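Asker: Listed below are the residues making up each chain.
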Amino acid sequence: MKTLAPATEQARYIGQSLARPNALRLAEGRGTYVDDIELPRMVHVVYWRSPVAHAHIVKIDASFARMMPGVVAVVDGPQMAKICKPWVATLTHLAGMKSAPQYPLAMDRACWQGEPVVAVVANTRVEAEDALQYLVVEWEALPALIETETALDAGSIVIHPQLGDNLCFTRSLDTGGVDAAFASADAVAEVTFQFGRHTGVTLEPRCQISDYNPSEKRLTVHHSQQAPHMMQDLYSRQFGIPESQIRVICKDVGGSFGIKVHAYPDDFATVALSVLLERPVKFVTDRLESFTSDIHARQHRVTGRIAANKSGEILAFEIDDLTGIGPYSMFPRTSAIEGNQVVNLVGGPYRHQQYRAKLNVVFQNKAPTCQYRGVGHPIACAVTEGLVDAIAQKLAIDPLVIRQQNVIRDDAYPMTATSGIKLEGLSHQQCLDKIAVMMDYPALRAEQAALQKRGIYRGIGIAALIELTNPSAAFYGVGGARISAQDGATIRLEPTGAITVMVGVGEQGQGTEAIFAQIAADAVGVSMELVRVVTGDTDVTPYGGGTWASRGAGIGGEAVLQAGLALQKNIVGVASVILKRDVSEIALVNDAIVEISSGQSLMPLAELGRVAYFRPDSLPAGFNAELMVTRHYAQRDYPFIFTNGVQASLVEVDVDTGFVKLLKHWVVEDCGRVINPMLVDEQMRGAVVQGIGGALFEECLYDDAGLLQNGNMADYLVPMAAEMPDIEVAHVETPTKTSKLGAKGAGEAGTAGAPAAIMNAINDALSPFNTTVYSQPITPQKILRALGKV
Amino acid sequence: MKAPAFDYVKPHSLAEVFPLLQQYGDEARLLAGGQTLLATLNMRLSEPSVLVDLSAITELRGLTLAGAMLRIGAMVTHSEIEASALVAQHAPLLPLAAPHIAHRAIRNLGTLGGSIAYADPAAEWPTCLLALDGVVVAKSATGERRIRADDFFVDLYTTTLLPGEIIVACEFPVASANHWCDFDELARRHGDYAIVGLAGAGQRSENTLAQVRLVFLGLGATPLRALQAEGVVKSQPLTASLINQAVAALKNELSAVGDLTSDAATKMHLAGVLLKRMLMKQMQSKNA
Ligand SMILES: Cc1cc2nc3c(=O)[nH]c(=O)nc-3n(C[C@H](O)[C@H](O)[C@H](O)COP(=O)(O)OP(=O)(O)OC[C@H]3O[C@@H](n4cnc5c(N)ncnc54)[C@H](O)[C@@H]3O)c2cc1C
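Going line by line, the protein sequences match chains V and L. Quick note: the first sequence uses our numbering, first residue 614, plus one each step. Quick note: the second sequence uses our numbering, first residue 53, plus one each step.
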């Protein structure tokens, strides 16, 4: 691998596999998660949630519940609506998108099983749950719309009559020559893919403490959340409280995956309760209500077609995507983004010239869906790569070869892909070549053929992918959502020579604070032990977007780098004054001011700190030591900085039982500059496992009435260690030129590619039987059915 | 969720348990390893007013040989059974099945008595008890009853244990020199209750199995014996065609109840695969 020039003059930490400084604290159980926080006079809320998919709320009788010990209040939707405005989650750049007003608690109608309807507040959680059992809610079931397939039919109920129909958003894209390309092609393949609705199961559930202090008219919210400033803005607007009077604190967050980047009705309800009761209110979702109240994702049916000529040249893709998003578009990012991404991303790695896509996003009476790790990529990648394998098989071309033949050339960038997305610089060819070596592709194929003769059916699946990271304002800001695309970092030199780094991007368990410390240490020229990183507090950090869309390293990291370099410059300036040396002769290296010519240490940083802070009288008149600097960064050159990679999976299918054994998984990824290889590897592995979850295990199963049948950890199958393969990760580094750091995102690509690689591997294993499975999760039963055994 | 309030008592002898059961009747629940019970309390699926913790009662512990029977106390944990040399020698089916029960942390707490009493149709111990023709030893204030496994599991989570009765032990016939047993199951994730599983036991001579008992877990409301399939293989030299006949007999006699991701047809197909594989393995090991 060619090595990159270092991002900073001193490169002690960037690029090293270093353990996360915060890992020990968390491993020792000394983190501060929201549920660890106890505030004086704090009360607890539980929500009565709709037990059915669609119901008219006739009457709420709280008289018995109010008599229960410890009960403080029982509050319903209309009471809350008096202090919290409803919202409609649409984005103006998604033309024609519509949704209905949504309130913190259902007003007179609940639209999904799990929608919060009544809040019961008590001194303890147990008392609140006890009282909940005595709350009498009278409701009448309404006809529910469950299937996406019938959502647009004339006879179907319209969930929000004022919208006219159940269509939330629709989009078409057509390059114009698709029909001609298909007509002239030597081979065409068509596949219908099904993707099961699933969710991101965070170890720590969603939770919040809302603390309204009426004397100061000030709201403090402790939140397990990814975007503190976004929540500050939303609370401000919905409650009419000035944002300067709102502080959102996100200390330790136990996993988020996108689940915690949305504004949920119960978030607003909990704030409303605190305002009404004038005391802190804690809300912690329990696991059972997580399954019906957290966002779901990825329920899509996509029919795709691919055209190619005999030589293997891919000419065109065409897709028709239907996705069901629940009864409301989710606030504030909206539920149309996932489908929109599918349209943008299908065919992304390839050089075909023609593409047509149709997307329908429809309402239904199930839990709302929204952005979950990978957002649309796992769908787009599975569709693209499934189609590529299908056409390769028709043409009898090796799956690796057809990809090598068709990917956009590494020297073709920057360029605009056929769907219109702008690509700055990718490395598909290098990645494919590298993975072929890593997995010893020819040997694997030989082994596969030999084993097949003995009745052992192994399959190899490959998936090339692109992944959108480092978003500009094109994602949300231009559509009117007040979600910051820029981020900031403040770095302060402490008198002892330590530095404190405050960043708008937070830590969710992925190691963000560790890489910020690495970057800051190199940029300033101090040891990493002397770096303290503070995130997750709107009162303290610069304004920023937070953690989502794989932006933490690329956007937040660049802000840290720029702030660090600026601070270093200021420190050298102070040193030059103290030492009476020209700035060109001295530098800050390893915690000391050194003479560049000799390398000799002139003054430890601690001495500089002492003079600057405690003896400013010794500095020349009019000179101010500016030892705290802030820099901001927004990526403005491209809508997104795409990354790329390739994954491969080796599976063995037991054709008698339909069971799939995952034998091995390979990843070659290109996230630009790798700041901490260990953390990137961990992100890849974790994300691959989550992708495997969707491919083989996870699905929110609803019955015909719209009731979730497996909303618990026994029946909803998250991927577990015993079934996971070894995951080998390698890197190619194509830094983005849009920043000095050159880092792109790494958090989601694993999830994007794994389902495609697994699905292709299974279908490769099944190829001797001339059958395929394109419905995820791929269960043993689906495989047995494909084999005609059941 | 949080469990509703309950009282808790921890008796130190069996004699103390019975009056408690009499006093509280339906309102009392015996607490063994708590691996099933505590989850149902937390989910408020069950709201007993008192839990009677059995963990301090030494009479419910211990693994002993009693004549032709291996006696395992109700409070012996899954892990203890898994690790016991005595069990490995005299009831080798049990350590074959044990690793399939949940995960280590659960096996360290979950007990034989709890599993037998709960009678989950997909649980391993009830299936093994039935396959080994074991006996449930139950005690009440009025005395002791010995109930054959064949008569114990009657419906979903339902046994013939009477109110006021408690399981004190299970007894397993000691394995003879020509004892044959095997266990296999199909679970999508290791440690989950399986889609379907099979425990087989009997006597072996050469390529022939006698007194065969074939018991499936996960198919119906209780562990299910495949009597016709047993009849096909019983005392006949194992051949591929005999095995196919046994599978056909199984599909003829039993029907399955589907679950969320495997319907009845899938389960019956998988049951047939398990049976075929178990018998083929036996046939091949004898031919080898
Ligand atoms: C995640 C998970 C996975 C699991 N997977 C499996 C699995 O794959 N296979 C499997 O077999 N089990 C599984 N289990 C269940 C586990 O094995 C339980 O331990 C077992 O079923 C119950 O045993 P216990 O000692 O925990 O009983 P408890 O939970 O304490 O009690 C269960 C019931 O039995 C009653 N009871 C207990 N002891 C007696 C007694 N001596 N006499 C009369 N009644 C009594 C109790 O009153 C209660 O109603 C799993 C559990 C969990 C949490």
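Worth double-checking, as some hints may not be accurate.
[As the list claims (entries may be wrong)] Sample of chain L residues at the chain V side, in silico, Cβ under 7 Å:
1) Lys-54
2) Leu-238
3) Val-325
No wet-lab data here; the hints were simulated from the structure. Predicted, not measured: the structure shown is a model, and the values here were computed from it. No residue lacks a Cβ here, since even glycine has one placed at the ideal position from N, Cα and C.
Asker: Determine for every hint whether it applies to the structure shown.
Answerer: Here's how the hints hold up against the structure:
1. Lys-54: holds, 4 Å
2. Leu-238: The hint holds - Leu-238(L) has a Cβ within 7 Å of chain V, the shortest such distance being about 6 Å.
3. Val-325: holds, 5 Å
Hint check: no violations occur; every hint is consistent with the structure.
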